[in-house]
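2 protein chains.
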Amino acid sequence: MSKVYNFSAGPAVLPHEVLLEAQGEMLDWHGSGMSVMEMSHRGKEFMEIIHQAEQDLRSLMNIPSNYRVLFLQGGASMQFSMVPLNLLGDRASVDVVNTGHWSKLAIKEARRYAGVNVVASSEDRNFTYVPASETWQRDPQAAYLHFTSNETIGGVQFSTFPEPEGEIPLVCDMSSDFLSREIDVSRFGLIYAGAQKNIGPSGLTLVIVREDLLDRAQPQIPTMMSYRVHADADSMYNTPATYPIYIAGLVFKWLKAQGGVRAMEARNEEKAGLLYHAIEQSGGFYHCPVEVAFRSRMNVVFRLRDESLEEAFVAGARAAGLVQLKGHRAVGGMRASIYNAMPLEGVKALVSYMLEFARQHG
Amino acid sequence: MSKVYNFSAGPAVLPHEVLLEAQGEMLDWHGSGMSVMEMSHRGKEFMEIIHQAEQDLRSLMNIPSNYRVLFLQGGASMQFSMVPLNLLGDRASVDVVNTGHWSKLAIKEARRYAGVNVVASSEDRNFTYVPASETWQRDPQAAYLHFTSNETIGGVQFSTFPEPEGEIPLVCDMSSDFLSREIDVSRFGLIYAGAQKNIGPSGLTLVIVREDLLDRAQPQIPTMMSYRVHADADSMYNTPATYPIYIAGLVFKWLKAQGGVRAMEARNEEKAGLLYHAIEQSGGFYHCPVEVAFRSRMNVVFRLRDESLEEAFVAGARAAGLVQLKGHRAVGGMRASIYNAMPLEGVKALVSYMLEFARQHG
Chain A
1 MSKVYNFSAG PAVLPHEVLL EAQGEMLDWH GSGMSVMEMS HRGKEFMEII HQAEQDLRSL
61 MNIPSNYRVL FLQGGASMQF SMVPLNLLGD RASVDVVNTG HWSKLAIKEA RRYAGVNVVA
121 SSEDRNFTYV PASETWQRDP QAAYLHFTSN ETIGGVQFST FPEPEGEIPL VCDMSSDFLS
181 REIDVSRFGL IYAGAQKNIG PSGLTLVIVR EDLLDRAQPQ IPTMMSYRVH ADADSMYNTP
241 ATYPIYIAGL VFKWLKAQGG VRAMEARNEE KAGLLYHAIE QSGGFYHCPV EVAFRSRMNV
301 VFRLRDESLE EAFVAGARAA GLVQLKGHRA VGGMRASIYN AMPLEGVKAL VSYMLEFARQ
361 HG
Chain B
1 MSKVYNFSAG PAVLPHEVLL EAQGEMLDWH GSGMSVMEMS HRGKEFMEII HQAEQDLRSL
61 MNIPSNYRVL FLQGGASMQF SMVPLNLLGD RASVDVVNTG HWSKLAIKEA RRYAGVNVVA
121 SSEDRNFTYV PASETWQRDP QAAYLHFTSN ETIGGVQFST FPEPEGEIPL VCDMSSDFLS
181 REIDVSRFGL IYAGAQKNIG PSGLTLVIVR EDLLDRAQPQ IPTMMSYRVH ADADSMYNTP
241 ATYPIYIAGL VFKWLKAQGG VRAMEARNEE KAGLLYHAIE QSGGFYHCPV EVAFRSRMNV
301 VFRLRDESLE EAFVAGARAA GLVQLKGHRA VGGMRASIYN AMPLEGVKAL VSYMLEFARQ
361 HG
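Note that the protein sequences, when read in sequence, are chains A and B.
For the first sequence, full-length UniProt numbering gives the first residue as 1, with consecutive numbering after it.
For the second sequence, full-length UniProt numbering gives the first residue as 1, with consecutive numbering after it.
In isolation and in its complexed conformation, chain A is listed as follows:
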């Protein structure tokens, strides 16, 4: 097998151009005689790499100057602890919206350190929608409001973002739709994202945090969990994940060459539109459980009317070079993750396969 379209939910497909560039300079980065993996993180070569990556990200997302960008480790799971330990401050509790698997994990971990007020939940209809923000029971004393902009497993995405209320910062787990659409960073207090969907390889976590939030940490916080420590050291308090940062930098450069986030957003709309259209037009052979307004443009979740055909669907897809289409084991069904790096041709190939499979088995 020499070429596949990889619909994995993460770690996920990377731009072909990025892999080619990384391959080309694997043994010698820009005439340094070293692989990026071999460079001291404090040497001038790697400092150039990380500075350029941050600058490109700032430009792509239009990040205001009073926000810090941190290159951390541990994934979103580590942020589930770091967010409350850093931002609870002198408040007793935090507000959280529960829209699925990742929200629930964030809630569970926050409860170890703080009261957690679930302002709204879509569990009543199996996490197939986002509760309207007018119905949320917000606490005016909350330390922050946390939500998950895209639920990777449920395939549910916020179509609009909540309004900040008073001084209560919005905190968003943007792991699976980071850089996929234009957002106004200034409306958020903190955004975090594991890299392994839209940014680069796993092992890297990006945090974008407003500077005034850096000094609310609990006194007993482990040093490596303090945003202030990492911010003061420009993400060099200890050795960062240098190679993942380098690949992320190549992805940012690629995104700029593609026309930036606005262009990606248009492409993502087109790709998701093709897939949802094919599902809707299948006469019920396929169906998507998620309400139309909240269907994710990143993770297209669908089922077959006849579940006994699922195995044949996956096997046939694999034979056609369309891999990693099985839904998460927690929910079953199918899932096509179509992040920025999934080319339109990959989605078209999947749609063709789906039509053909439905024709044969319908």
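A couple of the hints might just be wrong.
Which copy is meant is left open, because identical chains are indistinguishable; a pair holds if it fits in one copy or across any two.
[To be verified] Only pairs whose alpha carbons sit at most 25 Å apart, straight line, appear in this in silico SDA-like list of lysine to any residue:
#1 LYS253 / ARG58
#2 LYS44 / ALA315
#3 LYS104 / LEU309
#4 LYS108 / THR223
#5 LYS3 / GLN218
#6 LYS44 / HIS16
#7 LYS256 / MET26
#8 LYS108 / GLN218
#9 LYS108 / LEU355
#10 LYS253 / PRO343
It should be emphasised that the hints constitute simulated quantities derived from the structure, not laboratory data.
Dock chain B against the given chain A, drawing on the hints supplied.
What follows is chain B alone, placed relative to chain A:
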């Protein structure tokens, strides 16, 4: 510049064969059609990679079956918190040997969670030796005894390991001499090592822990800091640093092909011997501040009698393709890090340069 010898203390030189192999399969790992960076961590391809890596490491180090191998993130700095949070149990304090920069950071962090009894310190002579274990003031009630087998900055290495006392486990930060010499794992309760010296790229931390130590964690420990959580999930509680794990696996395979740890130890002795010999024979032009018995075979620290020549030494070395020789900013001077992947030829080239430089400026 196309070929250099890289004496960086970490991230550091990797085996040329490993980089070539990674380059060759960057776009397509073993016919999967995917880069390792793009693979789901739960897919069969990556499961094969991580299982093979663990198996090879177990075989290289002869790790007993009652020890778990964990592939974590956050480096040794994260372990400075995780070790006390997991191993303090119902004890009030921990024993620590202070042999330099990294010991001191481990002590500082442990003090956030536990009483810390410094059983011995070599600070009286500027961290140029390891205090004899007969002089250590050990506490029979300590939760564990922590030491740093090799101080990367000071260039000081334990030549023998302390004896375990009673039931008190030995905990060792082996970041900079892991896999460089034969050790008896069964004498330790826990060994940890950041990858970026002898294992692979930064962003990966290995922990080898005896199973009976997994259930002593403080109740308020963040989930991502619990060894028990990571052990129960076979390092897949969340997405691990997949690409660094893959490279580490290639390094382990390379080590086996080189003859294993015993062969590496002999090579490391030879390499360090050449450098220290050159220093000793320079008639005082170069000198090593570390006592002979504790000179590191991984990080050879030396000074020039005439410190005003240091800049010329570094510039000339760079011109000769010998890079990253400057000592850590905390101590100054020179440092040649000669981990497993530094070929003998690199050390010989450095020795030749040192002799020539001394001849010209002596």
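At most 25 Å between C-alpha atoms: does LYS256 with MET26 qualify within a copy, between copies, both, or neither?
Answer is both: 22 Å inside a copy and 23 Å across each meet the 25 Å cutoff.
Is it within, between, both, or neither for LYS44 and HIS16, if the alpha carbons may be no more than 25 Å apart?
between (28 Å within a copy, 22 Å between copies)
Within, between, both or neither: LYS3, GLN218 at alpha-carbon 25 Å
Neither. Shortest intra-copy (49 Å) and inter-copy (48 Å) distances fail the 25 Å Cα cut-off.
Intra/inter-copy verdict for LYS108 and LEU355 if alpha-carbon distance must be at most 25 Å
Cα proximity of LYS108 and LEU355: none, with 41 Å in one copy and 62 Å across.
How would you label the pair LYS44, ALA315 (within, between, both, or neither) given a Cα cut-off of 25 Å?
between (49 Å within a copy, 15 Å between copies)
Homo-oligomer pair classification [THR223, LYS108; C-alpha up to 25 Å]
Classified as both: same-chain Cα gap 22 Å, cross-chain 10 Å, threshold 25 Å.
How do LYS253 and ARG58 come out at 25 Å by Cα distance, when the copy is not named: within, between, both, or neither?
Within one copy only: 12 Å inside, 40 Å across.
Up to 25 Å CA-CA - GLN218 versus LYS108, copy category
Both: 18 Å inside a copy, 18 Å across copies.
At 25 Å max between alpha carbons, let me know whether LYS104 reaches LEU309 within a copy, between copies, both or neither.
neither (31 Å within a copy, 61 Å between copies)
At most 25 Å between C-alpha atoms: does LYS253 with PRO343 qualify within a copy, between copies, both, or neither?
Within one copy only: 17 Å inside a chain, 35 Å across chains, cut-off 25 Å.
When held up to the earlier numbered hints, the structure conflicts with 3, 5 and 9 and fits the remainder.
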